[in-house]
Amino acid sequence: MNFSYTFLVPLIPFAVFIFLGFFYNRIKENISGWIGVAGLTSVAVLSYYTAIQYFYHTPKLDGKFQTFVYSVNWMNFTDTLKVDMGVLIDPISVMMLVVVSTISLMVHIYSMGYMHGDRGFTKFYAFLSLFTFSMMGLVLATNLFQIYIFWELVGVSSFLLIGYYYEKPSAVAAAKKAFIVTRFADFGFLVGILLVGYYLGSFDFQYLNGPEGIAAAQKFGSIFMGFSVIGLALVLMFMGGAGKSAMFPLHIWLPDAMEGPTPVSALIHAATMVVAGVYLVARMFPMFNFVDHGSALHIVAWVGAISTLIAAIIALTQFDIKRVLAFSTMSQIGYMMLALGVSGYDGHEGVGYMASMWHLFTHAMFKGLLFLGAGSVIHAVHSNLMQDMGGLHKYMKITSITFLIAALSIAGFPGFSGFFSKDEILIATFHHNRPIFYITLFVAGLTAFYMFRLYFSIFWNKKTHYHHTPHESPLTMTIPLVFLAIMSIVPGYFPFTEWVTPDKVGFHGHIDPMMASIATTVGVLGIGLAYFFYFKPTDYPAKISAAFGTFYVWTKNKFYIDELYLFVTRNIIFKYISGSFAWFDKKVVDGTMNLIGNSTVVGSEAIKGVQSGKVQDYAFAFVGGVIILVIVVIYML
Amino acid sequence: MRHEIILLVLILILLVFEIFTKTEQKKSLIYLALGLFAIHTITGFFQTTDGQLFGGSFRTNPLIHFFKNVLNVGVLIILLQSTDWLRDKVAHLNKIPEFFILLFSSLIGMYFMISSGDFLMFYIGLELSTLPLVALVAYNSADIKGTEAAVKLIMTAALASAISLFGMTMLYATGGSLFFNMISYQLQVSPLAIMGLVFFFSGVAFKISLAPFHFWTADVYEGAPIGITSYLSVISKGAAIFILTTILFKVLPVLSDYWKYIVWGVAVLTMFIGNLFALRQQNMKRFLAFSSIAQAGFILMGVINGDAFGATSIIYFVMIYIFSNLGAFGVVQAISSATGKENMDDYVGLYRTNPKLSLVMLMALFSLAGIPPVAGFFGKFFLYTAAAEKGYYLLVFLAVVNVTISLYYYLLPVRAMFLRKSDDAIPYFKSNWPMRLGLLLAVAGIFVIGLYSPIYNYIVELSKLL
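Listed in order, the protein sequences are those of chains S and X. Quick note on this note's numbering: the first sequence kicks off at 396 and runs consecutively. Quick note on this note's numbering: the second sequence kicks off at 5 and runs consecutively.
No incorrect hints appear here.
Quick list of in silico lysine to aspartate or glutamate cross-link-like pairs, EDC-like style, CA-CA up to 20 Å:
#1 S:Lys1009 x X:Asp147
#2 X:Lys31 x X:Asp92
#3 S:Lys857 x S:Asp715
#4 X:Lys99 x X:Glu22
#5 S:Lys858 x S:Asp934
#6 S:Lys572 x S:Glu562
#7 X:Lys149 x S:Asp1012
#8 X:Lys394 x X:Asp261
#9 S:Lys1009 x X:Glu152
The hints are simulated quantities; they were obtained by calculation from the structure and are not laboratory data.
Model the full structure from these sequences, guided by the hints.
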């Protein structure tokens, strides 16, 4: 099979971006919308075609899925250290193609309704295309350097989209926060890349994850707390991944990023960009697994576990519906991370990896749906707060039903896709790390509870009086909802265990009845509690929160992690460290520079007269110069 | 030899047409000349034979061939950018063909100069390239400034060529031959030879406008028509640097201890003088004149290297410099032909009214200042490397200081265009297609040369032939 045409997958959105960017003054709103949708449709068609070709029609080699690399040489650092630009086709990149193109296409269609009448409509589509281009480039990257370039491009386009409502100070602040926090994390990523490049002499995934690269990486002895230098590099890379994927303690930007338009939250902060960290670990999985006997994976697992727990607890107490979803996203990505962290490599040992990727896929669909549903609600009610909602089921049937499907899926209700992928995660943790298994199980219950708290509060509960009667959103918004609702069920029946495994061989998966029944019980328990509390207006929630007292206040304030960051940066870094640097900079550095600058100006003033405009002076200088040169060269040397 | 022959035929064709075209139809000759020269530029890229003529006075090789092509592309851009001006601003229609005939004659002089195999051919080329330029500087004879500039140019040029001719005689006296390859064998270090070197160097330094032989530059650049100013600042300078490099590296390596000192001192002086004067210029042409003096100082960092790598860095930088400077001059030309304004203050608020022009100017100035990712950065980078490779760290340091100074004044027009607001900014105007094509070529050059590394590798290969 020849997959070289997948070059087009990033290039089409890029072309759309260039086109819309250049002509954004001159294109009418609906035309730019259709251009964006048309571009993304072709990308989606290509991606689906690639997936079908790859999984069904490409013969396996030695029982493994083959890897195809098409690249051009872009830059040579040394004879061995080269940077290529190209596309890499293997199970996870093909899977990601489907995820990104599906969600992006849905968001493109949805935004035609949601952003209708917005002043910067064309700009919005240009940014969406730029984002899709960057994300596709990231997914298809053939080497660490390429992934880094696109990683930063993703960061930039995310910055542009979060700060899209740039008249709002909060949106600008959120965009800056997201950019700075992820940039800080990316610094670790870059150092990790450079370490790998320096010690292993290659950025290429094929080499690094192949037997030679692993063997070369294993040669380094432990230098710090049981980590070799390559192990440390992997931890640093994971830092970059944790920043993008909003893992504790670098998660603080994600809730604020909800200031962006809701379709953006669905695309970037639910389904695609935030899973880039998971994708990075999966992409480098053989390295993570074999270097230092998987020490780096332990960190991945525990960071994931802590994040999933904290986020789920915080999500219980939030009232802004997008923030609930944001914390839910963080929690679910924690799931993917911990599943990767407990995974092994061969055969059935790789169930964690498989479960992580599967959950990535199903989560993208149902979380995208949840965000788009929330957008539909916000579109109708013009508020983000739960208190302003209630009883909306009567007015918005399609939104309500699709939202319910997504909620059931994320809660792990049998028959929905989330059930299958979560089940695999539970199996993986159960066999490899018991403490994390209990965390995972507990969080599954919390997830079901907060998700149905959200659902009941929006669509049932009290009958709020609205200024104008809410109505169902236009077709451009409901069609993506329905499509994603279908996609929240169907992927559960895909043979993921045979498609996406670390060794690319695949195994026969089966549902463990015991695990399934435990998970279902926990999930139904959470749903039942939520029903009991929130289906009708009750005073239980108030009583419970009062009973938890301080803990509730702490949780509601997100454990004061933002405040902690602010305290450290303002009162310690800015005041003591930066303060003294600033003094040195202002007095010594600036002083020197001003002196140089002033003396330059003075000097330039002083020699002004030399350029007199008289040709005899010029001749004098000319001849004088010759004479001086002759004297200097002949007599002084 | 093909370059020379075709261009000569081209001149003859234009002469014939000039005779047989009625005065009111002379404007059509602009497009004829443009088309013919475009064809000439393209044919230049085809493979040609190498070798020598006139017993070795004239030689070509792929490097020389390549450099002539670079000059051709530069001249083509200049012609494209001058079209508007020639069509609309020239009072006497009869003079239009003269512009091309004189310019092409000067270009032939450049060809001979860079192809020269002995000092005689070199001198003929030098003169042939200078004399038509004097006429071109005074092209608009009604303009007092232009006439003054021409007088200054011819007087200084005469002085310079007298001095360099004197230098050549001294080299002939000590080397025993006019042929480059003979001199390189026979020349011994002696005070006379050193004096010959200094005199010769000073004459060529005049062409490159190195300090203290640069005084004519600002006055002439300001007085000349903008097209000619760009020609003087890129083509004339580029060719002179090329031949200076060849002669210093290949003909006078015996004296390299001495000319390296001269180059060192002249480089530092040129950079500082160019930058300090550029700092306070208001007229854009004068501003670019001093900036180009400073740039020549940077180029000397490659000369001081003395090896193939130095030659590579020089040729690479000169290429980039041609495109960057033509981008900047093109914008000045476009604005001048549309509105007649040439001062930096007139550019205030330009971005709001003419965003594309401002962006071209921005790219060109960034490239001249050496800000990544445009090509100028890579060009400067290799020049630094060339000097640092031979241990001239102080020179590199002084160059960095100068780059910092230059950043300030290169950003002044940028600030005027992008940051400052004005109610009477130059209103939006649309240039003719040749002008837009010319600017497009310049910008494309700025990006492609910097980012497409095979060009650099190609120059590395060619420089071995120097």
